[in-house]
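Note that the working numbering numbers the sequence shown so that position 130 is 130, with each residue one more than the last.
Keep in mind the hints are simulated off the structure, nothing from the lab. Nothing here was measured: the structure is a model prediction, and the numbers come from that model. For every residue, glycine included, the Cβ atom is placed at its ideal position computed from N, Cα and C. Some hints could be false.
What the hints assert, rightly or not - Derived Cβ-Cβ restraints for the label pairs, each shown as a range: (1) 20 - 248: 50 to 60 Å; (2) 249 - 215: 23 to 33 Å; (3) 180 - 215: 33 to 43 Å; (4) 212 - 180: 38 to 48 Å; (5) 192 - 219: 13 to 23 Å; (6) 248 - 196: 30 to 40 Å.
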Amino acid sequence: MSDADSAERTDTERTDRSEPTVAVLGTGTMGEAVLAGMLSSGWSPRGVVATARRPERAAELADRYGVRTSGDNAAATAEADVVLVAVKPKDVAGLLRDVAGSLRPGALVASVAVGLPCSVYEALLPDGTPVVRVMPNTPASIGAGVSAISGGRAAGDEHLELVERLLAATGLVLRVEEKDQDAVAALSGSGPAYVFYVLDALAEAGTLMGLTRATARRLATATVLGAARMADETGEHPAVLRENVSSPGGTTIAALRELDRGGVRAAFVDALTAARARSAEISAELAAGVSGTAGAK
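Input sequences plus hints: build the corresponding full structure.
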């Protein structure tokens with residue numbers, strides 16, 4: 001499908017649908033995860049246009065999802081009620097400069113590009129543009145992610161609700177104050193890596209004790225999945241659940257004593273604190289890198 005065909009849209013088509021038109025600018029891992037989630041939750045492919053740099057990638061998306069595709073971000077933006085920015089943070093400033101003049105009045109801009117505050121988008125887009133910042137994590141690609149959203153100055157409840165609809169099929173969506181986004185990045189944004197680290201350690205220990213690698217890995221993964229589901233479904237505090245399986249003089253309490261001796265709890269606190277600090281540094285660096293372009297809106 002050509003760029004012109006992708007961007008073409010009639011007034012009749014627009015009024016026939018209840019949902020807004022969405023342009024997904026950038027279709028890497030996270031952009032495609034949101035795209036797939038939207039469609040699986042019942043969003044009409046006719047109301048979505050996805051952009052890709054390579055024609056073969058555009059063709060792949062069109063075949064897989066039935067959406068319209070384009071290699072022209074500005075053309076896709078011109079027809080959209082919602083613009084989802086899903087490019088790498090280093091590419092955001094250039095993208096916004098390219099599409100700012102094509103943005104429809106009142107269109108919502110939501111971004112899953114990590115680290116950039118709403119103020120950066122607001123400086124590069126027309127005054128009054130509603131902006132919603134999203135901090136996702138990688139399990140969103142299988143519908144089991146966590147996304148924290150924060151609204152900019154012009155974003156109201158209706159804009160946050162719309163983003164919640166867009167992200168609903170990717171997993172849990174929570175609203176947070178933007179000042180807390182660095183903490184979110186440290187906890188849930190980087191969180192899957194911590195869990196993978198623990199999984200690897202559990203599986204390695206199982207292998208050391210004589211289990212096959214495959215068996216140890218399956219046991220570790222199923223155990224973490226089951227424990228997380230139990231915590232979620234019961235609503236019990238993790239400390240209570242831990243105590244429930246820690247019989248006096250038993251194997252679990254002996255293992256937990258060794259974890260405490262090794263300072264595991266303190267190490268997690270230190271790790272997340274370091275991640276939050278680094279997230280703040282990266283956000284500041286990214287914001288400084290694009291601030292010089294704000295005057296060229």
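ask   = What hints, given by number in increasing order, does this structure fail?
value = none
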